[in-house]
Amino acid sequence: MINFVRENFFPMKNIYSSKNICEILIENIKQERITNNFKILDISSLNSIKENSILFLDRKAVLSKLNYDNVLLITDDQNTFNNREFKNIIFVKNLSESWNIIINNIYSHEDETSYEDEFVVSNNSYISKYAKIDSSAKIFNNCVIGKGVEIGKNCIIKNNVVIKNCLIKNNVIICDNTSIGMTGFGFEFKKRGSTFLNPQIGVVIIDDNVHLGSSCTIDRGKIDFTYIGKNSMIDNLVHIAHNVYIGENACIAAQTGISGSVVIGNNVTVGGKVGFAGHIKIGNNVVVAARSGVTKDIKDNSIIAGFPAIDINRWKKSIIRQRKNGH
Amino acid sequence: MINFVRENFFPMKNIYSSKNICEILIENIKQERITNNFKILDISSLNSIKENSILFLDRKAVLSKLNYDNVLLITDDQNTFNNREFKNIIFVKNLSESWNIIINNIYSHEDETSYEDEFVVSNNSYISKYAKIDSSAKIFNNCVIGKGVEIGKNCIIKNNVVIKNCLIKNNVIICDNTSIGMTGFGFEFKKRGSTFLNPQIGVVIIDDNVHLGSSCTIDRGKIDFTYIGKNSMIDNLVHIAHNVYIGENACIAAQTGISGSVVIGNNVTVGGKVGFAGHIKIGNNVVVAARSGVTKDIKDNSIIAGFPAIDINRWKKSIIRQRKNGH
Amino acid sequence: MINFVRENFFPMKNIYSSKNICEILIENIKQERITNNFKILDISSLNSIKENSILFLDRKAVLSKLNYDNVLLITDDQNTFNNREFKNIIFVKNLSESWNIIINNIYSHEDETSYEDEFVVSNNSYISKYAKIDSSAKIFNNCVIGKGVEIGKNCIIKNNVVIKNCLIKNNVIICDNTSIGMTGFGFEFKKRGSTFLNPQIGVVIIDDNVHLGSSCTIDRGKIDFTYIGKNSMIDNLVHIAHNVYIGENACIAAQTGISGSVVIGNNVTVGGKVGFAGHIKIGNNVVVAARSGVTKDIKDNSIIAGFPAIDINRWKKSIIRQRKNGH
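Protein chains in written order, with the numbering used here: chain A, 0 to 326; chain B, 0 to 326; chain C, 0 to 326.
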């Protein structure tokens, strides 16, 4: 069971009630129905709906239950979510803007200039006073370990590594110049610029025995987490976007990029320079040849290659055919 | 209007006259004609021809005007530039070597061991005494901010970021482990090695509200600048080479690489792992699918994919055809 | 002649005799034959077989000579290496595990928490007390230079660079945020996780006049070295894996990745985003077009493109054919 305490990373600036939320969104509200007034203490995702929270719903969201007493739903889609059973719902003009307004009012985060952390110098690295590092872990030089970060037993964090908003279990090795826990690349597509960046208030969780190469970039989850499963081996210059989930025993070669919200099963092997499109699901025991571009869900035990990636034997035949034609 | 003061970044070691330049080039000169003796105070590019400067001309250069009183032309091409109207011109044996000799004599730069900068430690980062950072900007740990750099209002520079030879406007966010303002990959193709590296004496200009991801590399211009337009969103591990110009509202996904002197219009969207060949021009409102390799100029409003990148519908059809053949 | 002293980088914890090795491998041994008892003072590779050493042999290994008096052979392949002439040989159950047990017992290395180095702060960087840096070399801020590293005359090491387990000759320039000398991505494919990582006890050797870009990652050799030849120009975000050998005068553009044990000849030019599969050999004077995926040995003087990379003219024709079909 994976869990984390959001406030350890993103301290709450204000505690609002469900009715207060209407007040701060005021300009953005089309319609509202607040049956219960309750304190907002967390943000929910569809995967993890919590008491006393807000749940943002885009038009693709599917809710398993309708009547939450103390969950405030916020959506811009009056057609999909017009059910009278929703006790607490606000229909807004713009969902991305509403996210920004609410999160910026509730949580402190690194994308605002007022964000603060306090560091001590330890073994030539800056360690937050609010980080917990096991005494058996080894941290090399010029690292930055931010607020709320936990690092488990026998971990080795090499030089110039930045770790923020992250829980690291035991025996994890992280190589030089890698960055973990950064703001994901999330914003409303039509409103660009740093001022419209969606604050990201999730974390990265790195499980036991993971090996992470050099100059990798692992963005944190938007609400929940980016996860790297036990015993996974990640090579250099790999990009792992926000909300990605990688199962146990992954092997991912250099310069591969995994787009947001991709889910990868157990025992998956990925060659170098592979790209994964966002929001796809890769089964267990899948092998992805180097340089593939994976654009769709892939079944368990598949071996794939090419762009768009297909069964490796079909891909090999198509290459042979292309080369034979005209000779 | 974009401008910068070269000497803030590259202090002048010597002030030469146009006739002095002949003396330092001596071995390399084939022919010369110096009508006016004037002080050399800057280096011009074809885009920005300045008084009291030197302008280097390769055989592809097109000059709009011929008779500059106090611009010294230097070229290795006696056929193209044999016009008697040129008042001050030196024909050299090797243009790249002449560049190196002249620039190394005039300007101090980071690719010589004698280069100096002076730093103060501020909030756990090294800030040059000759940098100007707005008091509202926030700089995290282990950064290096070099000589001449200016950082505007409300900027956030995260951890282990290196910023040299760069002007940054307001509300810019730069994520961890990114490097900005490095020497571009410029050298005479036939003479390799660090000792033949062409000194690069331009800068990087990053306009308002840009968001730059982690572990990106943005090289500075050779003479003028590499430019990233307002509201542009750049993801992680993106490479932007020297002299690239990116318009407003760009969205560039992770692991994309943009070769030298590419010009990108406004409102361009680029998927992950895209590559752009050097010296091409991408129109406004262009969308480039992930993993494309763009090799030619692209018209406004195009949607392209593949390698070499073509109209996305043509590309999709060609993929379907390849896969159908033989079944 | 390239050479290095392993102990300068990886201090020996214990000196074992050939018979002691049997004792530490005990559980893993299938059969053994130790004719001579001698001290183990180094680890050999097939390219460099040393006196008083251990040589690990996988089933593909080809030995030029059979009867070494004081070399201890260790292999998991009783069929291939069943020759009675081998004087000192241990047949083990698992070669990768045996490597780990032996190397971890003999050598101190950075992938164990007990590893120690001692640093002094010099010009805003952490320099190991056991590094040798020529007084004419220039090191910028926030660098880490590890134990045993040697840096030659007139080198320039820019900001936030990590250099470990590396010998750097003269006039080398290394740009910001690059990492050199990291543990290669080596482990038994079926046993994943940091606890099964094969210790790597080789180095990186960077020859005269090399220029290395920003955010590159150069892993060290497993036993011998990763080598970058004289005058080679390497752009940004390039990945060079363990045991790669790059000849003189290479030019390698941004975001290229070179897999383990690739050998590249002299005067090779490689475009951006190229990938090389592991263990292949690229001849002299080869040109590889941008975005190629090179999967096989390539002859001298070839110009190649595509994936799998072929002669560039064949590749161009195949592209034209693909695009014409169906029109």
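Worth flagging that the hints you see were computed from the coordinates, not collected in a lab. Keep in mind that this is a model prediction, so the values were computed, not measured. Don't take each hint at face value.
Same chains, same label: a pair holds when it works inside one copy or across any pair of copies.
[Claimed, not checked] Here are the simulated lysine-lysine pairs, BS3-like style, with alpha carbons at most 30 Å apart: (1) K189 / K137; (2) K229 / K315; (3) K168 / K189; (4) K316 / K298; (5) K59 / K315.
>> If the cut is 30 Å between Cα atoms, do K168 and K189 qualify within a copy, between copies, both or neither?
In response: between (38 Å within a copy, 22 Å between copies)
>> When Cα atoms must be at most 30 Å apart, do K316 and K298 count as within-copy, between-copy, both, or neither?
In response: both (21 Å within a copy, 25 Å between copies)
> How would you label the pair K59, K315 (within, between, both, or neither) given a Cα cut-off of 30 Å?
Replying inline: between (37 Å within a copy, 26 Å between copies)
> Within a copy, between copies, both or neither: where do K189 and K137 come within 30 Å Cα-Cα?
Replying inline: between (44 Å within a copy, 27 Å between copies)
>> Cα distance capped at 30 Å. Does K229 pair with K315 within a copy, between copies, both, or neither?
In response: neither (33 Å within a copy, 38 Å between copies)
Going down the numbered hints, you'll see the structure goes against just number 2.
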